[in-house]
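Number of protein chains: 2
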Amino acid sequence: MNPSFPAKLPKPPYYAVIFPSVRTSTDEEGYQAMAETMTERASKQPGFLGIESVRDEQGLGITVSYWTDEASIANWKADGEHAQARKLGREKWYGDFALRVAKVERAYSL
Amino acid sequence: MNPSFPAKLPKPPYYAVIFPSVRTSTDEEGYQAMAETMTERASKQPGFLGIESVRDEQGLGITVSYWTDEASIANWKADGEHAQARKLGREKWYGDFALRVAKVERAYSL
Chain A
-10 MNPSFPAKLP KPPYYAVIFP SVRTSTDEEG YQAMAETMTE RASKQPGFLG IESVRDEQGL
50 GITVSYWTDE ASIANWKADG EHAQARKLGR EKWYGDFALR VAKVERAYSL
Chain B
-10 MNPSFPAKLP KPPYYAVIFP SVRTSTDEEG YQAMAETMTE RASKQPGFLG IESVRDEQGL
50 GITVSYWTDE ASIANWKADG EHAQARKLGR EKWYGDFALR VAKVERAYSL
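Residue numbers (the numbering used here), protein chains in the order written: chain A, -10 to 99; chain B, -10 to 99.
Everything labelled a hint here was simulated from the structure, so no lab data went into it.
It is possible that part of the hints are untrue.
Note that the list lumps identical chains together, so a pair holds whenever it fits in one copy or between two copies.
Unchecked claim - Derived DSS-like pairs (lysine-lysine); straight-line CA-CA distance at most 30 Å:
hint, residue 1, residue 2
1, K66, K76
2, K0, K81
3, K0, K76
4, K81, K(-3)
As the structure is a computational prediction, the values presented were derived from the model and not from experiment.
Isolated chain A (complex conformation) (with noise of 0.2 Å):
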């Protein structure tokens, strides 16, 4: 998966849930095929409109996925796989993180 960046979203209102994290230097390999999985599976949920992800070499990453209504991020959240994936991002994966969720109210873009 390849998404357009920034992403296309319909107009707002929209929901985003804002993901700051900080990755530990263990299991590179691992956390890139989860991460990759991850979003695919993301992006086959009812209600994904889009994601935007962007990590630099010093390891700090913001991702911003947008979902149309809080029940899409809560159905999401419940998820199995998606739950398991989190699991291994506390143990081993990010040194710290924090996840915001938040209503859009408005957009432009260039």
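For chain A, the structure is supplied; the task is to place chain B on it using the hints.
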């Protein structure tokens, strides 16, 4: 300025400005200097809460700035030096970008 990552923020609600951008290959030095100047200037504005910014080797970047309310965002948009920086961004530094204003409703961290 070397902000904490993820940003340390108060409890929601607060506002996020999500800014995914694609750098041109033009004027890296000027761009970097302006990015630092604007981050520092933003951090002195009323209502500023924090900022997270990441750019990868391909030039894809996501910056998220956090604000207490919509009025603070409008105030920062009206800043003259910020307006001049945005003009240069549109003219030479960015090949593409989007800007999304969102109300953060809930947040978690590791």
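These are the hints, each one checked on the structure:
1. For the homomeric pair K66 and K76, the shortest alpha-carbon distance inside one copy (12 Å) is at most 30 Å, but the shortest distance between copies (40 Å) is not.
2. In this homomeric assembly, K0 and K81 come within 30 Å of each other (Cα to Cα) only across copies, at 27 Å, whereas the closest approach inside a single copy is 37 Å.
3. Proximity of K0 to K76 under the C-alpha cut-off of 30 Å is restricted to the inter-copy arrangement: shortest distance 24 Å between copies versus 34 Å within a copy.
4. Taking CA atoms no more than 30 Å apart as the test, K81 paired with K(-3) passes between copies only; the shortest distance there is 22 Å, against 32 Å inside one copy.
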